[in-house]
Amino acid sequence: MGNLRKAVSQGILAAWPICLGYVPIGLALGLLAQKAGLGPFEIGLMSFFVFAGSSQFIAVSMIAAGAAPLAIIMTTFVVNLRHLLMSSSLSLYCRNNGRTLLSFYAYGITDESFAVNQSLFKQGNWGIYQALTVNQASNLVWIIATICGGFFGRFVPSNAFGIDYALIAMFICLLVFQLKGMIYVVVAVIAGGGAVFLSLLIPGNIYVVLASVVAATIGLFILNLKKTKQDSI
Amino acid sequence: MTTSQFGLIILGMGVVTYVPRLLPLIFLSRRNLPKWLIQWLDLIPAAILGALLLPELITAGHPRQLEWLKPELIAAIPTFVVAAYTRSLGWTVIAGMLIYELIKTWVMH
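Heads up: the protein sequence lines correspond to chains A and B, in order.
For this note's numbering, add 116 to where a residue sits in the first sequence, where the first one is 1.
For this note's numbering, add 2 to where a residue sits in the second sequence, where the first one is 1.
Any given hint could turn out to be false.
Stated by the list, open to error - No farther apart than 20 Å at their CA atoms in a straight line, the calculated lysine to aspartate or glutamate pairs in the EDC-like style are these:
| id | chain 1 | residue 1 | chain 2 | residue 2 |
| --- | --- | --- | --- | --- |
| 1 | B | K106 | B | E69 |
| 2 | A | K238 | A | D227 |
| 3 | B | K106 | A | D280 |
| 4 | B | K72 | A | D280 |
| 5 | A | K342 | B | D44 |
| 6 | A | K343 | B | D44 |
| 7 | B | K37 | B | E58 |
| 8 | B | K106 | B | E58 |
| 9 | A | K238 | B | D44 |
| 10 | B | K106 | B | E74 |
| 11 | B | K72 | B | E103 |
| 12 | A | K296 | B | E58 |
Keep in mind that the hints were calculated from the coordinates and are not lab data.
Please read all numbers here as calculations on a predicted model, not as lab measurements.
Turn these sequences into a full structure, and let the hints steer you where they fit.
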């Protein structure tokens, strides 16, 4: 029990930048939902069932535009496909856990919780309970923030104190943690450049998946090219 | 929009979001993966972070267009330095927010 408590407090400590960043975004989403005719309770339910920020923004604007449910669901699927890659990458660190625990953990995989947990898993000293806490703390803040946005999003200045930069700064730092060798730098640069290029051409955010897959594949080739060369010498 | 329509929307959204989050975790964590796949998956986080970040820093609008000299990009440079020096997520987030606020209020006006 003491171990679990320690894991939970470690998880909460790791989750605070995510939680901070989710507040203004959640408030903005709640406000938007209210303008689209959704009540605070409804947007809270959506946050609980879906828990994926950008797809929720898109869904709310599609609801406001009177789109068909199937169109909204299909769009959500495409927008959230990138979690497939994140879940695959996290599977490297979840080899000794049961199905039930993993099913619960999978629910909370977002861009942010993935980036934080993956970096800590890679450093070691990180377990499924810590990771679950990160997911659930973020989830809770997200649900509450979207509900609050529905009630009084109008009265809150959501861009004060640079708070809308919290998640970008977090991603910058987590990227720095990833850059442990030249190959990671090369892959990140290819992915970033590719993502910018594709985002100008293709609507939506599928560019994240495409650019990441291409960049990691190029990286894999470079790694193995180098190795074959070394082997032959 | 009726209540049942809304219920259908959020349930559908929930299912199509959950399945891609779940399947790789369940299936890949039970198998012995070939070495190339492990190497590939190890490169994925750096790729995803690059792909998430750079468009935020240098594009804007719907449809997206290149936009140089956004405060997000200018603030990213000192934030990157803080991250590299402190190697602390907390300090980087706080410094990043401060730097961004300063740039937005004083430099860009």
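Hint check results:
Pair hint K106/B plus E69/B holds up; C-alpha atoms about 15 Å apart against a cutoff of 20 Å. Distance check on the hinted pair: K238/A and D227/A sit about 16 Å apart at the alpha-carbon level, within 20 Å; holds. The suggested pairing of K106/B with D280/A holds, with an alpha-carbon distance near 11 Å, which does not exceed 20 Å. A threshold of 20 Å between alpha carbons decides the hint, and for K72/B with D280/A the separation of about 14 Å falls inside it, so the pair holds.
Restraint check for K342/A and D44/B: the C-alpha separation of about 17 Å stays at or below 20 Å, so the hint holds. Between K343/A and D44/B, the direct Cα distance comes to roughly 17 Å. Compliance with the 20 Å bound is thereby established for this hinted pair. In summary, the hint linking K37/B to E58/B is not supported, as the alpha carbons are separated by about 33 Å, beyond the 20 Å threshold. The hinted pair formed by K106/B and E58/B meets the criterion: a straight-line CA distance of about 16 Å does not exceed 20 Å.
For the hint pairing K238/A with D44/B, the CA-to-CA distance comes to about 10 Å; that is within 20 Å, so the pair holds. Restraint check for K106/B and E74/B: satisfied, since their Cα atoms lie roughly 9 Å apart, inside the 20 Å limit. A threshold of 20 Å between alpha carbons decides the hint, and for K72/B with E103/B the separation of about 13 Å falls inside it, so the pair holds. Our distance criterion of 20 Å between C-alpha atoms is broken by K296/A and E58/B, whose separation comes to about 23 Å.
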